[in-house]
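Add chain B to chain A, keeping to what the hints say.
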Amino acid sequence: MSRRAAIEEAVLPPLVALLLAAVVGDLLILSFGQSPGAVFQLLLEGTWGNAYGFGQVLYKATTLVFTGLAVGLGLRAGLFNIGAESQLAAGGFCAALIGILLPAGIPALLCLPIYVLAAALGGGIVGAVPGVLKARFGAHEVIVTIMLNFIVLALLNYLTSAKIHVPDTLHTPELKSGALPRLGDAFAPFHGSAANSTILLAIVTAVALGWYLFRTRRGFELRAVGLQPHAAEYAGVNVAGVTWRALAVSGAIAGLGGLNYVLGYKHYYEEGFATGAGFLGIAVALVGRSHPVGIVLAALLFATLSQGGLAVNALVPKQMVDVLQAVVILAVSTSVPEVRRLLRGARRSNDS
Amino acid sequence: MSALNFLSQTLRIAVPYLLAAAGGVLSERAGLIGLTLEGYMLGGAFCAAAGSYAAGAAGMGAVAPWLGVLAAVLGGAALSMLYAASAIRFKADQIVVGIAVNLLAVGLTRFFLRLFFDSSSNSPRVPGFDVKGSGTGFVSLAHNPLVWIGVIMTPLVAWLLYRTPFGLRIRAVGEHPAAAASVGVPVVKVRYMAVALSGMIAGLGGAYLSLDQHQFTDGMTAGRGFIALAAIIFGRWNPLLAGLACLLFASAETLQIQLQGTQMIPSQFVEMIPYVLTIIALAGLVGRASAPAALGKTTTE
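So the protein sequences, as listed, match chains A and B.
Here the first sequence stands for residues -4 to 347, where the numbers follow the numbering used here.
Here the second sequence stands for residues 71 to 371, where the numbers follow the numbering used here.
The following block holds chain A by itself, in its conformation from the complex (with noise of 0.2 Å):
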């Protein structure tokens, strides 16, 4: 295949996708008795518009991005992990933890490696679960990360809430020392916004993985399993152990994720704060077809429509976002089939 075909079909779907959501955007609004124009005008003003609302976006891309990638690492292995959610909140709960016993007064800088191994850690355990029950068992990766998630979640409910929290709330204490730096302790305009340091993790855990991922030959192994297991394992490839090391990676940079919440915005961790982030992940990895730079910028998009919501919330409901959000998913997963066939069928014409 020609390198412009596959720039066109990597492009295409998106494209299309964004266009139905609009459609359906649109349909939303005017039963609503609004004008789209505006509606969609006051949607932009409210993200990229201004510092705060652009710092906002920032922040919420910043989680996707690391859950986008986890999921798109299991994609590019072959393997579905619906388990970020749960990953992303055993990162920050561990997080926490140790932001409990390490005492005051260290550097922010002396703690980020212990705060990182701990998210890592507590991400990677979650995500080696389904990871060697595939390996080992057969089990289905899919079902197993869906029932963990239920699982791991309750568990964390029950540590906090019967063990570690501080009374009378959900959250637990505050981390001591190690808090991360905001944007708006930075630059001024930012001031407000939850937009922190972490961003700056997202972004080099993107390129270590696009750097692992094409340029290591571990990298290379991962992605022969996804595409074809049986010919991978022809060419000598340890394919158990290429499952439950993706899933384990995978879940680990899911559990980084939760930093961005416990060491740059809040400084604890508290019940409910990955709520629906590790399913957007799945939608961020799929629109960026799982490759670092997209998975960014569709961490982006979907972080703008869900600061766009609250935007918008005076002239029709913020949950229209919520549907459009699941109309953009549909509308790539059936264009990317329907657009490559589409177009090889054009360039068949164009051929006779």
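This list has only true hints and no planted wrong ones.
Here chain B is said to cover these stretches of chain A; the calculated rule only asks that three of the stretch's residues, wherever they fall, bring their Cβ under 8 Å from a Cβ of chain B: (1) 135 to 143; (2) 146 to 154; (3) 312 to 321; (4) 330 to 340.
Covered by chain A, per the in silico footprint, the following chain B stretches (three or more residues, Cβ under 8 Å): (5) 149 to 162; (6) 294 to 306.
Here are the computed distance ranges between Cβ atoms for each label pair: (7) G267/A / P194/B: 25 to 33 Å; (8) F209/A / T234/B: 51 to 59 Å; (9) S191/B / K158/A: 26 to 34 Å; (10) R343/A / E245/B: 31 to 39 Å; (11) F215/A / D188/B: 53 to 61 Å; (12) N308/B / A203/A: 43 to 51 Å; (13) F339/B / I198/A: 34 to 42 Å; (14) R343/A / G289/B: 45 to 53 Å; (15) D188/B / S(-3)/A: 48 to 56 Å; (16) M151/B / I101/A: 53 to 61 Å.
No lab work stands behind these hints, which were simulated from the structure alone.
Here a beta-carbon is modelled for each residue, glycine too, at the ideal position from N, C-alpha and C.
Chain B in isolation, oriented as in the chain A frame:
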């Protein structure tokens, strides 16, 4: 708390599971993953509340909840057709569109909750099936036709699946679609029909929830569709065993409610039971749970 009370409480909790699992078995045995049961139930719960409310406001009295039930069946069917068309016609990945359909159900119910009832949390009170002075326990349950439908649905689906030509076709397209097609089974049509039925039956489960509580609340299914999916897997894709699993999960929940306040077992650990059992079943630690061979594979044909 008497044994009779325990049983009636268990049945009350089990009805939506029984309905969703019975519907889900049909879809899964035809090769389409029942990830969307949660969405069908949520959509059904909302449609039932909206239909019953509208009919009640129009002065239809005792017929109102029945119109709600009809709306729930239609709502579940609409969502399931969206799922089936995406997975079969457009060859999209079942898991991806399944998640999208669930998100869509959440989004649409929230949006229409605002549009129709101007609320972001719940609908107003809607007519249900209960009769004044019908008492508690089994007496009150017996007044609710959806309880009867829920109890009958499991054996009905088992009969359909194992004793009718249509059931044989469903099982054939779920196990080996190519072989089924070669003997003249219309694979695509059978799959659409199985998924439509699953949407309708799971929609009934949603209707039970909102009509029993006389209102729709945002996210009221609270993972019940996934518990039904767990029951299907734990019941090894056999409708009768899946029904038993529903009763097992429901009795664990009843136990949790009765133990509340005694601090014997934290409620969170009881919540985990269905999910832990399902993982154990999937890992093959208690016998082999083998899924229909063509489950999830509508993209490659």
